[in-house]
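Engineer: So you can see what is in the structure, the chains are spelled out below.
There are 2 protein chains.
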Amino acid sequence: MTLHEVPTLLHRCGDCPIRHRAVCARCDSEELATLEQIKYYRSYQAGQTVIWSGDKMDFVASVVTGIATLTQTMEDGRRQMVGLLLPSDFVGRPGRQTVAYDVTATTDLLMCCFRRKPFEEMMQKTPHVGQRLLEMTLDELDAAREWMLLLGRKTAREKIASLLAIIARRDAALKLRESNGPMTFDLPLTREEMADYLGLTLETVSRQVSALKRDGVISLEGKRHVIVADFARLLEEAGDDSDGGLPV
Amino acid sequence: MTLHEVPTLLHRCGDCPIRHRAVCARCDSEELATLEQIKYYRSYQAGQTVIWSGDKMDFVASVVTGIATLTQTMEDGRRQMVGLLLPSDFVGRPGRQTVAYDVTATTDLLMCCFRRKPFEEMMQKTPHVGQRLLEMTLDELDAAREWMLLLGRKTAREKIASLLAIIARRDAALKLRESNGPMTFDLPLTREEMADYLGLTLETVSRQVSALKRDGVISLEGKRHVIVADFARLLEEAGDDSDGGLPV
DNA sequence: CTATTGCTTTGATTCAGATCAAGCGGGGAA
DNA sequence: TTCCCCGCTTGATCTGAATCAAAGCAATAG
Numbered sequence: 001m002t003l004h005e006v007p008t009l010l011h012r013c014g015d016c017p018i019r020h021r022a023v024c025a026r027c028d029s030e031e032l033a034t035l036e037q038i039k040y041y042r043s044y045q046a047g048q049t050v051i052w053s054g055d056k057m058d059f060v061a062s063v064v065t066g067i068a069t070l071t072q073t074m075e076d077g078r079r080q081m082v083g084l085l086l087p088s089d090f091v092g093r094p095g096r097q098t099v100a101y102d103v104t105a106t107t108d109l110l111m112c113c114f115r116r117k118p119f120e121e122m123m124q125k126t127p128h129v130g131q132r133l134l135e136m137t138l139d140e141l142d143a144a145r146e147w148m149l150l151l152g153r154k155t156a157r158e159k160i161a162s163l164l165a166i167i168a169r170r171d172a173a174l175k176l177r178e179s180n181g182p183m184t185f186d187l188p189l190t191r192e193e194m195a196d197y198l199g200l201t202l203e204t205v206s207r208q209v210s211a212l213k214r215d216g217v218i219s220l221e222g223k224r225h226v227i228v229a230d231f232a233r234l235l236e237e238a239g240d241d242s243d244g245g246l247p248v
Numbered sequence: 001m002t003l004h005e006v007p008t009l010l011h012r013c014g015d016c017p018i019r020h021r022a023v024c025a026r027c028d029s030e031e032l033a034t035l036e037q038i039k040y041y042r043s044y045q046a047g048q049t050v051i052w053s054g055d056k057m058d059f060v061a062s063v064v065t066g067i068a069t070l071t072q073t074m075e076d077g078r079r080q081m082v083g084l085l086l087p088s089d090f091v092g093r094p095g096r097q098t099v100a101y102d103v104t105a106t107t108d109l110l111m112c113c114f115r116r117k118p119f120e121e122m123m124q125k126t127p128h129v130g131q132r133l134l135e136m137t138l139d140e141l142d143a144a145r146e147w148m149l150l151l152g153r154k155t156a157r158e159k160i161a162s163l164l165a166i167i168a169r170r171d172a173a174l175k176l177r178e179s180n181g182p183m184t185f186d187l188p189l190t191r192e193e194m195a196d197y198l199g200l201t202l203e204t205v206s207r208q209v210s211a212l213k214r215d216g217v218i219s220l221e222g223k224r225h226v227i228v229a230d231f232a233r234l235l236e237e238a239g240d241d242s243d244g245g246l247p248v
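Residue numbers (the UniProt record's numbering), protein chains in the order written: chain A, 1 to 248; chain B, 1 to 248.
Possibly wrong hints are sitting among the right ones.
A pair holds if it fits inside one copy or across any two, identical chains being indistinguishable in the list.
Below are the SDA-like pairs computed for lysine to any residue, each with C-alpha atoms no more than 20 Å apart in a straight line [to be verified]: (1) LYS213 to GLU203; (2) LYS117 to HIS128; (3) LYS213 to PRO127; (4) LYS56 to ASP139; (5) LYS117 to LEU138; (6) LYS56 to GLU135; (7) LYS223 to SER210; (8) LYS117 to PRO127; (9) LYS223 to ASP55; (10) LYS175 to HIS225; (11) LYS125 to GLU135; (12) LYS56 to LEU138; (13) LYS213 to ARG233; (14) LYS213 to SER29; (15) LYS213 to CYS24; (16) LYS213 to GLU30.
Calculated directly from the structure, the hints in this document are not laboratory data.
Construct the entire structure; sequences and hints are all you get.
Structural biologist: This is the structure we're talking about:
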């Protein structure tokens with residue numbers, strides 16, 4: 001499933017302002033009513049940690065607004081981001097209490113949570129929710145594998161171009177943009193966060209962003225607003241990433 | 001789920017000589033009979049490609065004997081391995097025909113296949129098979145994320161130590177070894193394949209293996225047989241990898 | 001018993017990205 | 001207004017792994 005199909009596959013649940021990826025078009029009114037009963041909202045400030053690696057997580061959730069990241073850390077402090085959660089993305093694993101990475105809000109974050117137990121019971125009763133989750137998990141796995149290629153084999157420049165392409169594409173999908181006109185978006189990450197995502201240092205990220213600007217692949221307004229005049233060119237710079245694996 | 005629990009979660013199906021990870025302890029005799037009807041075997045020679053990226057895959061399967069790898073390739077030939085399939089591992093994605101990476105037999109390989117359509121029908125009828133697949137997929141995702149940390153942030157020496165630790169652990173689990181005595185195993189991969197797995201060159205792999213040998217972390221009999229006198233030491237060399245993420 | 005072939009090791013050199021270090025610029029607090 | 005802080009850029013230097021190159025070794029074919 002590509003991201004462009006997302007809107008047709010999802011439903012709003014109740015009064016949530018977003019379409020939850022986990023709530024699918026096949027959910028009937030009874031299921032939606034169940035979700036209504038077990039849901040609640042949580043909000044986090046930018047920089048706050050949602051869950052620490054190893055902690056128990058007694059809920060599953062969708063991101064409503066804001067951005068969260070999944071990060072793994074080594075004892076000596078080396079960090080690797082392993083996932084990026086944008087609005088409509090799902091967190092949490094039915095059947096698993098603990099989580100193997102830190103979940104952090106990088107911007108102010110609002111999540112729509114469902115208590116884990118009743119959610120799992122609902123999954124038992126309504127197999128298509130489970131199937132939907134399996135599909136989503138397989139998508140995440142494909143994205144993770146695409147990312148492994150990036151981390152293992154791409155150059156710094158290709159890494160940056162890949163990340164920009166992914167953010168551009170996801171952003172375009174969220175906005176339901178028409179495809180004419182230049183793509184433009186705000187970077188939701190600091191240079192350091194980008195570095196943690198790409199397996200680079202922040203200095204290298206900065207240098208390569210500058211290089212892409214100098215070479216006319218992108219232009220910047222301020223530090224964060226990116227304008228992509230020629231998306232095809234960006235994809236070319238990204239290496240074989242023509243299919244733009246979604247990061248989580 | 002750790003690998004050590006695997007045997008309690010799996011069943012043999014029919015006369016297969018292995019326990020399939022996808023066939024779980026909750027499967028009843030009717031389900032096993034269904035599996036019996038839709039299964040068949042395929043064998044591949046070392047080096048043969050099982051499926052090319054983008055190809056249709058009309059079956060799902062378990063590895064019975066031998067080793068297969070999942071690989072992503074860029075146009076210019078840079079390769080990154082994204083998965084390693086050992087006996088009992090599952091390949092294929094219910095609900096998806098095409099596959100996004102090459103699957104290759106690195107040794108002679110026997111797979112127990114199930115036709116995809118009837119397998120999916122069975123999944124619809126018996127939700128716990130779907131749940132089992134969801135669990136397995138979540139495990140793979142955790143392993144993939146662990147691997148992202150390795151690819152993005154570990155040094156060459158740590159990468160080698162991590163790979164050896166994972167193979168040692170999996171091998172021990174397959175053998176159901178008692179834990180006394182030194183761990184010993186045969187490397188199922190060439191230096192080049194190890195390099196493709198770790199995001200290194202084969203020369204670097206060779207050098208780092210030699211270095212670990214020189215430093216007394218491992219010893220070798222011939223090129224491929226590894227003896228690990230002190231597993232804890234190996235884990236320490238591997239970085240924070242104390243939990244040893246399973247590669248696929 | 002050679003020759004060939006595929007895998008592996010080892011050495012010399014290069015280079016992409018890390019590290020160390022300095023300075024910029026904008027926004028918020030006093 | 002001024003200062004400070006934080007995120008960012010840029011420069012100089014260093015280094016771990018890649019690259020280029022040559023041999024060693026064991027298995028197989030002739």
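Engineer: Using 20 Å as the alpha-carbon threshold, which applies to LYS213 and GLU30: within, between, both, or neither?
Structural biologist: Close neither inside one copy (52 Å) nor across copies (63 Å); limit 20 Å.
Engineer: When no copy is specified for LYS223 and SER210, does a C-alpha distance of 20 Å or less occur within a copy, between copies, both, or neither?
Structural biologist: within (10 Å within a copy, 46 Å between copies)
Engineer: Is it within a copy, between copies, both, or neither that the alpha carbon of LYS117 lies no farther than 20 Å from that of HIS128?
Structural biologist: both (18 Å within a copy, 17 Å between copies)
Engineer: How would you classify LYS213 and PRO127 at a CA-CA limit of 20 Å: within, between, both, or neither?
Structural biologist: Neither, since 49 Å and 52 Å both go past 20 Å.
Engineer: Check LYS56 against GLU135 for me: Cα-Cα at most 20 Å, and say if that holds within a copy, between copies, both or neither.
Structural biologist: Classified as between: cross-chain Cα gap 17 Å, same-chain 24 Å, threshold 20 Å.
Engineer: Within a copy, between copies, both or neither: where do LYS175 and HIS225 come within 20 Å Cα-Cα?
Structural biologist: within (16 Å within a copy, 55 Å between copies)
Engineer: Regarding LYS56 and ASP139, is the shortest C-alpha distance of 20 Å or less found within a copy, between copies, in both, or in neither?
Structural biologist: Between copies only: 17 Å across, 24 Å inside.
Engineer: At most 20 Å between C-alpha atoms: does LYS213 with CYS24 qualify within a copy, between copies, both, or neither?
Structural biologist: The answer is neither: 40 Å in one copy and 54 Å across copies each exceed 20 Å.
Engineer: Checking LYS213 and SER29: alpha-carbon separation at most 20 Å within a copy, between copies, both or neither?
Structural biologist: neither (50 Å within a copy, 63 Å between copies)
Engineer: At most 20 Å between CA atoms: does that hold for LYS117 and PRO127 within a copy, between copies, both, or neither?
Structural biologist: Both: 16 Å inside a chain and 17 Å across chains, each within 20 Å.
Engineer: With identical chains, the pair LYS213 and ARG233 could be close in the same copy or across copies; at 20 Å between alpha carbons, which is it: within, between, both, or neither?
Structural biologist: within (13 Å within a copy, 46 Å between copies)
Engineer: Reference check for the pair LYS56 and LEU138, CA-CA at most 20 Å: within, between, both, or neither?
Structural biologist: So LYS56 and LEU138 pass the 20 Å test across copies only (16 Å; inside, 23 Å).
Violated hints for the displayed structure, listed by number in ascending order: 3, 9, 14, 15, 16.
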